[in-house]
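*Asks:* Chains as they are written, first to last, in my numbering: chain L, 396 to 839; chain A, 158 to 460.
Among the hints, a few may not be true.
DMTMM-like cross-link-like pairs, simulated, lysine to aspartate or glutamate; straight-line CA separation at most 25 angstroms [unchecked claim]: (1) A/239 - L/824; (2) A/239 - L/827; (3) L/463 - L/544.
Just a few of them, taken from the derived set where beta-carbon distance is under 8 angstroms, the chain A residues facing chain L [unchecked claim]: (4) 232; (5) 233; (6) 284; (7) 323; (8) 330.
Please keep in mind that the hints were generated in silico from the structure rather than gathered at the bench. By construction, the Cβ of each residue, glycine as well, lies at the ideal position given by its N, Cα and C atoms.
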Amino acid sequence: MKKKRLLAALTAGLMLVSAGCGASGGGGGSTSDGGDSGEITITIPSYKTGQNVGAVFFEPQVERFNQKYEGQYHIELENVTEDVFNDQMKQLAQQKALPPLVQGGDKEWLRTVVFPNGMAHDISGWLDENPDIKALMLEDAIDYCTEDDGAIYSVPLATVRPTGFFYNSAMWNPTEDLSSLTMDEFISLIGDQKIAFSTAENAWVSALFLTALIADQEGGVELLNSGIEEKITDFNQPIIVTAVEKLQSLLQNNASANSVGAAYPDAANAFMSGQASIISNGPWMSTDFEETNSANWSNGFNGADVRASLFPGQVGIAQTRSYGEWWISADATEDEIALAEAFLEFIYSPEELEAYLLAEGGDAPNLEYSESFTAQQGETQVLADLAADTSEETVFAPCILDVIPSSVASSDLSRLLPSLADGTYTAEEFCELLTTAAQEATAE
Amino acid sequence: MLKKVTKPNRMSKNHWERRNYKWIYLFLLPTTVIFLMFYLVPIVQVFVTSFTQWDGFNDPVFNGIRNYQNLFTSSAFLVSLKNLLLWALIAMFFHVGFGTLVAFVLYQRKRGWKVTRAVFMIPNVISAAAWAMIYRFFFNNNFGILNSIIRTIDPDFDVQWLYQSPWAFWAVTLTWLFYAVIVTLLVLGDLMNIPQELNEAAIIDGAGGWQLIRYIQLPLCRGAIATGVICSLTSRITMYEQISLTTAGGPGNDTMSLPILLVNAVTDYRYGYANAIGVLMFVIGLIMMVVINKAFRINETDY
């Protein structure tokens, strides 16, 4: 009897330990059938929630979906900060606890781990059943997302948001069409104007300029595009060395005072406090220039004075050969897949695409815009500027951060930039060090 | 009569011992399971996979000592080892030395010593990440307090402490150098445990203030100082936030550290390589502990 008691106690102890260790702790998204109502509900982790700039459009969009499908489908959002979002998706995948509908994830992880290992649901059938949606998608994106066996896991992009730069017309008001200039003409034109650069974190703002400087050269766009398939690990190429020389000159002569050591918010602050007249960033920054965000302005900065342009050489930084934002987990049930597909149909509807473009900027090349959309787009000056610059002549180039090894993009580039800025390294030395870092990062 | 008394007693003793053993095993079980699951298994896994090429998802592929070869031919790794050695020496002599000095000052129990101890404790309740951010502002070239003070003397002074060689190494060092409260508390605890009779006997024998410290108090704090050195050195091996949030290992490789390299390897899905770095950190930590144990004769008792 005592042995049995002891055995029972041991078993109970083990169960407690197992339960403690095995608890997922939530975060993986869950599904319920809504009890008697029959409504299918899923929870999806998203970084476009709370204070994230993407939440301004995305949260109301999910609400609109929930209203449209009330009683049938419902999506709950779980707030995950953007910094840890990709890591959390990887952890959920390892625990086999992915949400049915997954928002993004590290592109390299999707390409090398998720899709080859059958962790995603094939949506090629759904796309074939919805030709109107497929017609909206970018051809490059469909081509990139189509696997060798014809399967499509990531929902291809329908929009492209070319990144250029913003300038404060109260400080600098050129009359030229900036995107039609060459980069050398542009650099000559800006004179001693200050540019808000960043060198901390992933040196985002500096990386955009470096991308534009590379893309401006003969063969530069092709070089950047080659990194989509195979990461660039040789930075000693003349195109890159020349671009780095120009970047060094800009960092030394035109950088705002706080550029070295600045993270993106510091660079944005330099621009919105009149310490710099130029900043490179995507169209999503347009919301910062709205009157509702004037609390972030200082020193007489006025968002209404801001204008936008694509980079010289009609270069827009955007990656069309890329995975899209959404994919469906292979573990999703039929009900969950139906909900996910309904959500994708909803967000790829012309009305929602137009709402998205009005909120965050960009272009949907295969969408025929409504008159009201065109009229409303013109009301936001910077979006209208970018739309005017985007044409068939626009050259799209991927950001350099997306075509070099991850650790070089997230760490080495920003680690080396301060020494480039203060002249410790020449452009050649900088490129040599980046090459060493990239080759070490990819050594097998 | 004796037999009748002793026999049941012996049986009873064995009986109770057996029953106690069962309970001992029961109470040990959770700790054993947790140790196996969260310490031993991961450590073994790290060691084994350090000899593989592994992306963290697909099956690891054995590649011998390739990861270690790549490590020892990496310039960033060699710089991080050199930095670790320098930081270890600085920690051992200056960080622990400062903490011990403060402990001896507090031991004098002058007016306000308890308040001083509490104030000295404050940085320890603030996270390393928060401190790193504070230091980013402190060392900021434009509005940082350090350069603002220097510019009252030299208006043209212009140094990017965290982003310029060779200052970045020393700026990062300053983010932890004087926060030695753990060492102070350890040493102060030992000092307060010294029997008063020992101090009194030394004074009667004619020992002055310095002799009292040199020959009585300092040797009796040997264990605490050794523990402080171990804590301090292991913190240097694992130091991540202070570097990641200030210099990220730069400029160049000036402030590169093993944890930064490890995280970079994880970013590139090179878990085998990252685990090779983990193994080396583990081995370096073990070697440091053994050396300090021997040097300070930490297992020998003083009383």
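*Asks:* Could you work out which earlier hints the structure fails to respect and list their numbers in ascending sequence?
*Replies:* Violated hints: 3, 6, 7 and 8; rest satisfied.
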